[in-house]
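Line order of the protein sequences matches chains A and B.
If you want this note's numbering, it's the 1-based position in the first sequence plus 4.
If you want this note's numbering, it's the 1-based position in the second sequence plus 931.
Hint data in this document are derived by calculation from the structure and do not stem from the laboratory.
Being a predicted model, the structure only gives us computed values, none of them experimental.
Some hints could be false.
[As the list claims (entries may be wrong)] In silico DSSO-like pairs for lysine-lysine, Cα to Cα no more than 27 Å straight-line:
1. LYS321(A) - LYS175(A)
2. LYS235(A) - LYS103(A)
3. LYS136(A) - LYS970(B)
4. LYS986(B) - LYS933(B)
5. LYS209(A) - LYS327(A)
6. LYS136(A) - LYS933(B)
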Amino acid sequence: MNEEYIFCCVLKTEIMRWQQIANFLQQNNLNIDTDIEQFIVAFDEQQQLVACGGIAGRVLKCIAIEPHLRGQGLALRLLTTLLNQAFSLHRYELFIYTKPENEAMFTECGFHLLATVNGQVILLENSATRLKRYCQRLAQQRQDGRRIGGIVMNANPFTLGHRYLVQQACKECDWVHLFVVQENASEFPYEDRLDLIKAGVADLKNLTIHPGSDYLISRATFPSYFLKNQKIINHCHMALDLQLFRHDIAPALGINRRYVGTEPMCEVTAQYNREMAYWLTTAEVRAPQIELHEIERRQQAAQPISACRVRDLLAKKGPEAVKALVPESTYRYLWQHYAMSQPLVSSLAG
Amino acid sequence: MKIIQQSHAGTLESGDVLIRIQPIDSHQVEIELESVVEKQFGDAIRRLIHDTLHKLSIEGVRVIVEDKGALDCVIRARVQAALIRATGTQLLDLNWGAL
Chain A
5 MNEEYIFCCV LKTEIMRWQQ IANFLQQNNL NIDTDIEQFI VAFDEQQQLV ACGGIAGRVL
65 KCIAIEPHLR GQGLALRLLT TLLNQAFSLH RYELFIYTKP ENEAMFTECG FHLLATVNGQ
125 VILLENSATR LKRYCQRLAQ QRQDGRRIGG IVMNANPFTL GHRYLVQQAC KECDWVHLFV
185 VQENASEFPY EDRLDLIKAG VADLKNLTIH PGSDYLISRA TFPSYFLKNQ KIINHCHMAL
245 DLQLFRHDIA PALGINRRYV GTEPMCEVTA QYNREMAYWL TTAEVRAPQI ELHEIERRQQ
305 AAQPISACRV RDLLAKKGPE AVKALVPEST YRYLWQHYAM SQPLVSSLAG
Chain B
932 MKIIQQSHAG TLESGDVLIR IQPIDSHQVE IELESVVEKQ FGDAIRRLIH DTLHKLSIEG
992 VRVIVEDKGA LDCVIRARVQ AALIRATGTQ LLDLNWGAL
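Please put together the full structure from these sequences, using the hints given.
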């Protein structure tokens, strides 16, 4: 019990040590997520790696302890050190995704359960009240009405397709709440996407735009290190995200409808819509049901307008090629954004 | 005194307490306590923290406490350490006597 353990921090640049950690995780049936920036590791008196925990932004991942050392308080020491490290990076609001069997260990360290996917993954944050407080702030923007719609949008960039979806929702509902996904893994940075959305819907009166939050679960930071394959990862991501939406976000605003565009082309997104219908109505989640409304995508030249199509054309042929697909505000932005990067590209080429 | 940044002090080990301090908009003092001895000493711990903050004229904070059975002196010390980290040396200069 009085074993001396040395804790130290390992950066991604320390290749040998990083490999040692990867091996240790493998032995514990875990992979190593690529977005981890640094690890806290513990060595025993024989210089063996006995525990590790990774930091990826504000998500703690890849936490593992040598099986025969579990139940000795080593977990608490590892977590304390890991938390201290995250705090020293000024990251105080932290999340953990882990296997359900680890719930007790993290609850002991001040983490609280937010959502569960049975037998697969649980999501926790280090506060008993943060989600509640976020929802209380949202509730201050509640609007009256029988039909309150919700839309979650990335808009990378905002197109006439997005515009059409929001327009339809605003027509059919008394009020619409639009949430913008915050991940900066998109080609266009969050602040710009938000500006373009605001500009593109400025004339719609019964609409509130909500900036992104930690509670719209980012696909970019979603862990994959303990989930078997991409299908399961997608399923889990969706399940957690939709549980939070249905259980916490929607009730705060009285949202009873969720609007999405139909997906004729991409199978993954089509699957997403189907799963969404399940999670918004299943009795598994103890919250009011939400109707899923799928709006047919607006077309241009007999093809659906999507951000993907716009990015593609933009890369191959420049802003003029997408003029018919985006609102004026987005078009102007693309010219600035694209024109600015043009000189750089030609100077690199020449 | 105004707290301007988040700070923390302590550990999760048995007999210790992990204190996190966050500035908040109001003039209140909010305490979120998780303790292994909540039933026996929960209220006493809350009172102690309020007391410590009051003596140092601190308001407008949220104190998040993860207690693993720490004694009063330990709780007081950790809270003070976190406060000093949150305010810089201001606190030491003005209130050394109250610590």
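Here's how the hints hold up against the structure:
1. Using a Cα cut-off of 27 Å, the hinted pair LYS321(A) and LYS175(A) is violated, with the two alpha carbons roughly 35 Å apart.
2. Annotation: proposed proximity of LYS235(A) to LYS103(A) holds, straight-line Cα distance about 17 Å (limit 27 Å).
3. Proximity of LYS136(A) to LYS970(B) is assessed by CA-CA distance (about 24 Å); at most 27 Å being required, the pair is judged to hold.
4. A threshold of 27 Å between alpha carbons decides the hint, and for LYS986(B) with LYS933(B) the separation of about 14 Å falls inside it, so the pair holds.
5. With a C-alpha separation of about 26 Å, the suggested pair LYS209(A) and LYS327(A) falls inside the 27 Å cut-off, and the hint holds.
6. Of the pairs offered as hints, the one joining LYS136(A) and LYS933(B) holds, with about 25 Å between alpha carbons and a cut-off of 27 Å not exceeded.
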